[in-house]
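Colleague: Same order as they appear, the protein sequences are chains C and R. Numbering of the first sequence is given in my numbering, commencing with residue 19 and proceeding in unit increments. Numbering of the second sequence is given in my numbering, commencing with residue 9 and proceeding in unit increments.
Keep in mind that the hints were calculated from the coordinates and are not lab data. Remember, predicted model here, so these are calculated numbers, not experimental data. Using N, Cα and C, we set each Cβ at its ideal position, and we do this for glycine too. There may be inaccurate statements among the hints.
[Claimed, not checked] The calculated EDC-like cross-link candidates involving lysine to aspartate or glutamate, where the alpha carbons are at most 16 angstroms apart (straight line), are:
no.	chain 1	residue 1	chain 2	residue 2
1	C	K186	C	E174
2	C	K186	C	E104
3	C	K120	R	D317
4	C	K120	R	E258
5	C	K120	R	E220
6	C	K120	C	E187
7	C	K186	C	D129
8	C	K120	C	D136
[What the hints assert, rightly or not] Derived CB-CB ranges, DEER-like:
no.	chain 1	residue 1	chain 2	residue 2	range
9	C	P170	R	G340	21 to 31 angstroms
10	R	V47	C	A33	53 to 63 angstroms
11	R	A189	C	H28	18 to 28 angstroms
[What the hints assert, rightly or not] Covered stretches of chain R (chain C as the covering partner; in silico rule of three or more C-beta atoms under 8 angstroms from a C-beta of chain C):
no.	stretch
12	60-66
13	166-176
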Amino acid sequence: MIRVVLVDDHELFRAGVRGELAGLVDIVGEAGTVAEAGPLIRELDPDVVLLDVHLPDGGGEAVIATVAPERPAVKFLALSVSDAAEDVIAVIRAGARGYVTKTISRDELFDAVRRVSDGDAVFSPRLAGFVLDAFRTGEPLGADEELETLTPREREVLQLIARGYLYKEIAARLHLSVKTVEAHVSSVLRKLQLSTRHELTRWAQERRLV
Amino acid sequence: MTQIPVLQFQRSERDRVVAGICGGIADALGVDPTLVRLVFALLSLAGGAGILLYFALWVWTGGRHPVIAVLILALATMGLLQALGVPLAVVLGAGLMVGGVVLLARRGATLRPGGSFFIPGIALAMAGAVVMLDHLGSSHHFVGPGALAGALLLVLGPWVWQLASERNERIRLAERAAMAARIHDSVLQTLALVQRDADDAPRVRALARRQERELRRWLYGRGYDGATTIADALADAVADVEEAHLTRIELATAGDTAIDDALGELVLAAREAMVNAAKHANSDEISVYAEVEPTSVSVFVRDRGVGFDPGTVGADRRGIADSIESRLRRAGGSATITSSPGNGTEVELTMPRGGES
Numbered sequence: 019m020i021r022v023v024l025v026d027d028h029e030l031f032r033a034g035v036r037g038e039l040a041g042l043v044d045i046v047g048e049a050g051t052v053a054e055a056g057p058l059i060r061e062l063d064p065d066v067v068l069l070d071v072h073l074p075d076g077g078g079e080a081v082i083a084t085v086a087p088e089r090p091a092v093k094f095l096a097l098s099v100s101d102a103a104e105d106v107i108a109v110i111r112a113g114a115r116g117y118v119t120k121t122i123s124r125d126e127l128f129d130a131v132r133r134v135s136d137g138d139a140v141f142s143p144r145l146a147g148f149v150l151d152a153f154r155t156g157e158p159l160g161a162d163e164e165l166e167t168l169t170p171r172e173r174e175v176l177q178l179i180a181r182g183y184l185y186k187e188i189a190a191r192l193h194l195s196v197k198t199v200e201a202h203v204s205s206v207l208r209k210l211q212l213s214t215r216h217e218l219t220r221w222a223q224e225r226r227l228v
Numbered sequence: 009m010t011q012i013p014v015l016q017f018q019r020s021e022r023d024r025v026v027a028g029i030c031g032g033i034a035d036a037l038g039v040d041p042t043l044v045r046l047v048f049a050l051l052s053l054a055g056g057a058g059i060l061l062y063f064a065l066w067v068w069t070g071g072r073h074p075v076i077a078v079l080i081l082a083l084a085t086m087g088l089l090q091a092l093g094v095p096l097a098v099v100l101g102a103g104l105m106v107g108g109v110v111l112l113a114r115r116g117a118t119l120r121p122g123g124s125f126f127i128p129g130i131a132l133a134m135a136g137a138v139v140m141l142d143h144l145g146s147s148h149h150f151v152g153p154g155a156l157a158g159a160l161l162l163v164l165g166p167w168v169w170q171l172a173s174e175r176n177e178r179i180r181l182a183e184r185a186a187m188a189a190r191i192h193d194s195v196l197q198t199l200a201l202v203q204r205d206a207d208d209a210p211r212v213r214a215l216a217r218r219q220e221r222e223l224r225r226w227l228y229g230r231g232y233d234g235a236t237t238i239a240d241a242l243a244d245a246v247a248d249v250e251e252a253h254l255t256r257i258e259l260a261t262a263g264d265t266a267i268d269d270a271l272g273e274l275v276l277a278a279r280e281a282m283v284n285a286a287k288h289a290n291s292d293e294i295s296v297y298a299e300v301e302p303t304s305v306s307v308f309v310r311d312r313g314v315g316f317d318p319g320t321v322g323a324d325r326r327g328i329a330d331s332i333e334s335r336l337r338r339a340g341g342s343a344t345i346t347s348s349p350g351n352g353t354e355v356e357l358t359m360p361r362g363g364e365s
């Protein structure tokens with residue numbers, strides 16, 4: 019069973035997720051602050067950390083920054099009510115493998131945890147919208163053209179995610195395998211984390227990340 | 009009642025070279041301590057004024073010998089002016105004035121009715137002005153009026169400052185009142201409704217969703233009443249449909265643009281499609297995605313519900329499709345409806361941008 023640590027400052031929300039995921043994953047620990055989360059994750063070495071974007075003593079990106087160097091195998095999935103693109107982009111750029119909103123259903127959440135633990139990327143429709151927005155217009159800053167733009171295929175996949183399609187539905191629609199769809203999404207995640215496009219850097223700078 | 013602003017600073021405990029004066033001033037002003045130290049160093053070159061000023065402030069922060077501090081401060085001013093080549097009488101006058109004004113400030117003098125002045129302070133300042141003007145009157149005709157204006161500024165400046173700060177205070181209070189009103193109107197109302205309808209889970213969920221959306225839109229600084237962009241208008245439509253039909257709609261947008269008549273029709277058609285999905289699809293989730301491109305705006309409304317066979321549609325669904333399609337056509341756009349039994353339905357709405365046809 020996938021071992022999960024839950025980091026969120028709302029006790030009620032943690033209890034809700036614990037109840038929902040009971041029997042599906044093994045919730046080995048919980049933390050409510052950046053200060054608690056760091057040592058806990060290093061000690062427990064879980065497969066996946068469900069990470070709130072906003073914590074009382076810092077953003078989710080602070081947790082990733084303290085844990086990732088020592089525990090590179092731990093995967094982070096950002097979980098938030100936040101609507102602000104810059105918050106979400108900041109956590110993704112810090113190293114989270116995906117972002118889902120807190121209103122996500124139980125099955126979708128489990129699916130997202132499983133996917134992230136397998137090393138894949140998980141984009142909610144909203145995150146797909148943000149990414150399309152950031153890569154939509156404007157000039158790439160960096161010299162690496164490949165990193166600064168989405169391929170037509172990646173754009174297609176993201177548009178379908180934003181429209182509410184599941185990976186297997188996207189695969190069927192585009193006559194691809196699910197693995198290929200996952201590869202496209204992972205490639206977009208990599209670009210999201212490494213690109214120097216100014217929308218992304220601006221968002222990240224506002225959160226003092228770059 | 010606010011008093012004349014006197015820079016409140018304390019000797020810095022952690023950032024100190026001699027007594028922490030520069031660090032304290034830097035803290036109070038919110039600037040880099042190095043900058044303050046540089047200013048003191050430059051002043052020290054001017055007749056040792058910087059060094060004297062430093063000692064004056066040191067004594068001042070001790071609080072026990074304000075008169076000595078004022079004396080050193082006046083000496084510092086005189087040293088500075090002397091170094092700048094200002095005539096001796098002016099130097100003396102300026103020294104007296106500085107001493108007087110500082111004494112006044114120390115006592116927190118105010119020009120508001122009922123405020124008090126510190127007589128020795130006024131006396132010193134006036135004596136300084138007299139000495140200075142007496143000298144200037146004979147040799148520098150053009151400087152006299154300037155010195156008078158300066159003296160007036162010294163007296164009126166704090167008063168003007170006070171008016172401005174009161175205005176800021178009023179603006180802050182107004183903002184706070186607006187926030188309180190908003191929270192009262194929406195959040196408290198919602199909480200009351202939630203308590204009343206606590207047994208009706210779908211209704212509570214819908215209330216919470218709507219409140220969440222409203223609050224978020226308000227917090228992130230976009231318009232609150234009367235949406236002016238397509239993303240905001242869609243968010244409104246989504247909230248309406250969620251509330252009316254107790255369903256969940258996930259909205260994603262890429263890009264945004266100001267709304268016009270044609271785009272207004274697009275939003276209405278999208279709303280119709282959402283209602284349609286909420287009523288007929290028998291699905292617990294609807295996805296809406298809007299994309300603003302240079303030449304067109306597209307909205308996709310998708311449900312994962314029962315779907316239908318477009319070849320054998322019931323009269324009611326045909327009617328709704330017609331209303332969506334003909335509405336968009338009239339405004340210059342187009343609609344495509346894709347569905348098959350068991351695979352849900354997707355409505356794609358597109359409206360060209362610019363020149364409405």
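Colleague: Now, for every hint given, state plainly whether the structure supports it.
Modeller: Results of checking the hints against the structure:
Restraint check for C:K186 and C:E174: the C-alpha separation of about 14 angstroms stays at or below 16 angstroms, so the hint holds. About 29 angstroms separates the Cα atoms of C:K186 and C:E104, which puts this hinted pair outside 16 angstroms; it is violated. A threshold of 16 angstroms between alpha carbons decides the hint, and for C:K120 with R:D317 the separation of about 34 angstroms lies outside it, so the pair is violated. Straight-line distance between C-alpha atoms of C:K120 and R:E258 comes to about 12 angstroms, which keeps the hinted pair within the 16 angstroms bound.
In summary, the hint linking C:K120 to R:E220 is supported, as the alpha carbons are separated by about 12 angstroms, within the 16 angstroms threshold. The hinted pair formed by C:K120 and C:E187 fails the criterion: a straight-line CA distance of about 23 angstroms is larger than 16 angstroms. At most 16 angstroms may separate the alpha-carbon atoms for a hinted pair to count; C:K186 and C:D129 meet this at roughly 12 angstroms. As the CA atoms of C:K120 and C:D136 are separated by approximately 21 angstroms, the hinted pair breaks the 16 angstroms bound.
Our hint of 21 to 31 angstroms for C:P170 and R:G340 holds, since their Cβ atoms are close to 27 angstroms apart. As the Cβ distance of R:V47 to C:A33 is approximately 57 angstroms, the hint placing it in 53 to 63 angstroms holds. Between R:A189 and C:H28 the Cβ separation comes to about 27 angstroms, which falls inside the hinted range of 18 to 28 angstroms. With a cut-off of 8 angstroms between beta carbons, the stretch 60-66 of chain R has 0 residues touching chain C; three or more are needed, and the interface restraint is violated.
Note: the stretch 166-176 of chain R has 0 residues with beta-carbon separation from chain C under 8 angstroms; the three-residue rule is not met and the coverage is violated.
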